[in-house]
Amino acid sequence: MSDVLQSLFVLGSSHHQAPLEVRERFALTQNEANALQKQLHANGCIRECLIVNTCNRIEIYGLATTADIESDIRNELCAAHGMSRELFDAHSFWHTNLDVLQHALEVSTGLDSQMVGETDILGQMKGAYATARELGCTGTVLNRLFEKSFQAAKAARSQTAITRGQISIGNVAVDLASRIFGKLSSSRVLLLGSGDVAEKTAQALQSRGVADITVSSRTYENAHALASQLGGAAIDFSDYEQQLSRFDIIICSTSAPGTILNAQNLKPALKQQPERPCFLIDLAMPRDISSDVEKLDSVYLYNLDDLSAIANENLEQRRAEIENARSILKRHAWTLWLQLRRREMQPQKV
Amino acid sequence: MLQEIAMTDRTAFGIGAAIYLMAFILGGIMLLFKKRYPRAAMFALLTGGFLMQTLGLNLRGAEIKACPLGNGFEIAQFIAWSLVLLYFIVGPIFRLRLLGFFAAGLTTLLAGGTWLVPAWDKPYPPGIFGGNPWIELHAALAIFSYGVFAIVALVSTMFLIQQHGLKKKQFSGVYAYLPSVQQLDLMAKRLMITGGTVLTAALIFGAVFWINNPDLVPLFKLGVTCFIWGGYLTVVILRIQKKLVTRRHAIAAIVLFLLAIASLWPVQSARHSELDTPPSVESLSK
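These protein sequences, in sequence, are chains Y and Z. First residue of the first sequence? That's 1 in our numbering, and the numbers climb one at a time after it. First residue of the second sequence? That's 1 in our numbering, and the numbers climb one at a time after it.
Next comes chain Y alone, as it looks inside the complex (with noise of 0.2 Å):
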């Protein structure tokens, strides 16, 4: 009975094992996926299977007939990447028993994640379980397990601040927007310059539905491209500043070398509109902005580091709750685990 719960396993490779050039050459693309894990079933040895591939892991969760699989599955996983066992050794790692339970159940909260805390990979754990259970490779054991662990995930999320605060640059500066405006759909944005992280910054606006977005460059076509991407507008670099009043968000990246955004040509914009607020995020370096819009009544100016300094302190902060976070998923691993083995002692309908 216990036998075939003592052959439950994990096997996988993810950022804590493995740096990136490596994990480069583990990533399996959903169709390989799919076929290894039909052909993971098909082993006689194998009876419940399921992988789980994302760009920062790949994991075979399985329940073989006999404890002593490792070395096969090893074998069979290195033979479908072409990659040398050595390689995949050095960084894999290996559960089997309650520490699947465990492991499976910090994956889904995102305790295991690169950014902890994230919510994605619980979307692409119920991803991984919906097609392993439509091909047919999951059995009562795992169906169990990947439920529980998607509940757990929930619990653990709610009773912790494991979640709270955003961790990224365009997801703080939403928040911030927010916190100045409160719904962002009558928000207009006013992109000037087309750097990568005010790019994000601006789709993770767009993704909030703010009014509308603007783009504004000195080299037209890069503002129309990018206008065209977000499904905004493009505006010639010499008139963004008669046109400042029209936004209440005006995100900075451009390569000047001193500032474009003063307190003497905001103010005549925020004549215009004194009972809006002006949110100013300056992602340039050298700056774009002069720290002297500070002093002006409505107006709130954040630079690169503030975001950064921001999504660190929540990082921190989510980082402190790990432990509570595994506490509750260590309970609830406990009883998933009793649920299963008085599940395997309860003699078979036949």
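FYI, nobody ran anything at the bench for these hints, they're computed from the structure. Heads up, some of the hints might be wrong.
[As the list claims (entries may be wrong)] With a straight-line cut-off of 16 Å between C-alpha atoms, the simulated EDC-like cross-links for lysine to aspartate or glutamate are:
no.	chain 1	residue 1	chain 2	residue 2
1	Y	K183	Y	D212
2	Z	K168	Y	D305
3	Z	K243	Y	E275
4	Z	K243	Y	D297
5	Z	K167	Y	E134
6	Z	K167	Y	D175
7	Z	K34	Y	E316
8	Z	K167	Y	E316
9	Y	K267	Y	E294
10	Y	K154	Y	D120
11	Z	K169	Y	D305
12	Z	K167	Y	D292
13	Z	K167	Y	D120
14	Z	K169	Y	D306
15	Z	K65	Z	E136
16	Z	K242	Y	D68
17	Y	K200	Y	D175
18	Z	K168	Y	E294
19	Z	K169	Y	E313
20	Z	K169	Y	D175
21	Z	K242	Y	D297
22	Z	K34	Y	E313
23	Z	K169	Y	E294
24	Y	K38	Y	E134
25	Z	K167	Y	D306
26	Z	K169	Y	D297
27	Y	K271	Y	E241
28	Y	K267	Y	D292
29	Z	K168	Y	E241
30	Z	K168	Y	D297
31	Z	K168	Y	D292
32	Y	K330	Y	D99
[As the list claims (entries may be wrong)] A short list of chain Z residues far from chain Y (calculated; beta carbon distances all over 10 Å):
no.	residue
33	R10
34	T157
35	F220
Note that CB positions come from ideal geometry on N, CA and C, so glycine has one too.
Start from chain Y and add chain Z according to the hints.
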């Protein structure tokens, strides 16, 4: 039915204030320990406090057979009651986070503070409003407008705190729960206009009474009331003209409310000193 309640009005006021204090402490603890803000519990506690205060005002009203606005204690209770009533209207509609916590703090101060000083609950002769329903309406509206101005002051305080957090790049604790600066500013503007309108209506009713009975209105009270009304009217006009906005508007709202509350004490003293003065032979002979 009210006679069947085995509770004095002061006990009901006291319990109400204690419940408000509990709400304030609960909110404070949750914010201090960075826990999830207990919105439902705050709402339930404020409802409990409000019901006890309503009971207290009803018992007092039944006893004096008039709207209980005859001394500083009753006025403070009525302002606190109006403030919570407005919180029930404004809070859920505009989803102003933490307003319940701030409202609990101010009502504890007003309702609890005056309850702790029995001297403020000075007895006064029945029929203080002379049985004139218009002057009762004037008093009730004026005090209700003070409730509106109290909530404007709270919203303005929240605005200043949130703005300070944004300017100084502070994010955790209370800052994380406060509504956006724009939402708070807009709310302060709307409530300021509402309060100004209610106070103006109250003064119109009062003016009708004053024109007919100029001797019954102390000049000091009239002067202070007009000063406060003038202050609010100026702020409302400047706000509509967009000349007094955001931070300066918030500061003006808080200062005016403090002045309005501070003015109640000399006004009450003036009225009580008049009530304490024995009537002249001339007036008795009339």
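Verification of the hints:
no.	hint	in the structure
1	Y:K183 to Y:D212	14 Å, holds
2	Z:K168 to Y:D305	14 Å, holds
3	Z:K243 to Y:E275	9 Å, holds
4	Z:K243 to Y:D297	13 Å, holds
5	Z:K167 to Y:E134	53 Å, violated
6	Z:K167 to Y:D175	15 Å, holds
7	Z:K34 to Y:E316	15 Å, holds
8	Z:K167 to Y:E316	22 Å, violated
9	Y:K267 to Y:E294	12 Å, holds
10	Y:K154 to Y:D120	13 Å, holds
11	Z:K169 to Y:D305	11 Å, holds
12	Z:K167 to Y:D292	13 Å, holds
13	Z:K167 to Y:D120	32 Å, violated
14	Z:K169 to Y:D306	8 Å, holds
15	Z:K65 to Z:E136	11 Å, holds
16	Z:K242 to Y:D68	78 Å, violated
17	Y:K200 to Y:D175	14 Å, holds
18	Z:K168 to Y:E294	10 Å, holds
19	Z:K169 to Y:E313	12 Å, holds
20	Z:K169 to Y:D175	13 Å, holds
21	Z:K242 to Y:D297	14 Å, holds
22	Z:K34 to Y:E313	15 Å, holds
23	Z:K169 to Y:E294	12 Å, holds
24	Y:K38 to Y:E134	11 Å, holds
25	Z:K167 to Y:D306	11 Å, holds
26	Z:K169 to Y:D297	15 Å, holds
27	Y:K271 to Y:E241	14 Å, holds
28	Y:K267 to Y:D292	11 Å, holds
29	Z:K168 to Y:E241	27 Å, violated
30	Z:K168 to Y:D297	13 Å, holds
31	Z:K168 to Y:D292	14 Å, holds
32	Y:K330 to Y:D99	10 Å, holds
33	R10	42 Å, holds
34	T157	16 Å, holds
35	F220	38 Å, holds
When the structure is compared with the earlier hints, violations turn up for hints 5, 8, 13, 16, 29 and for no others.
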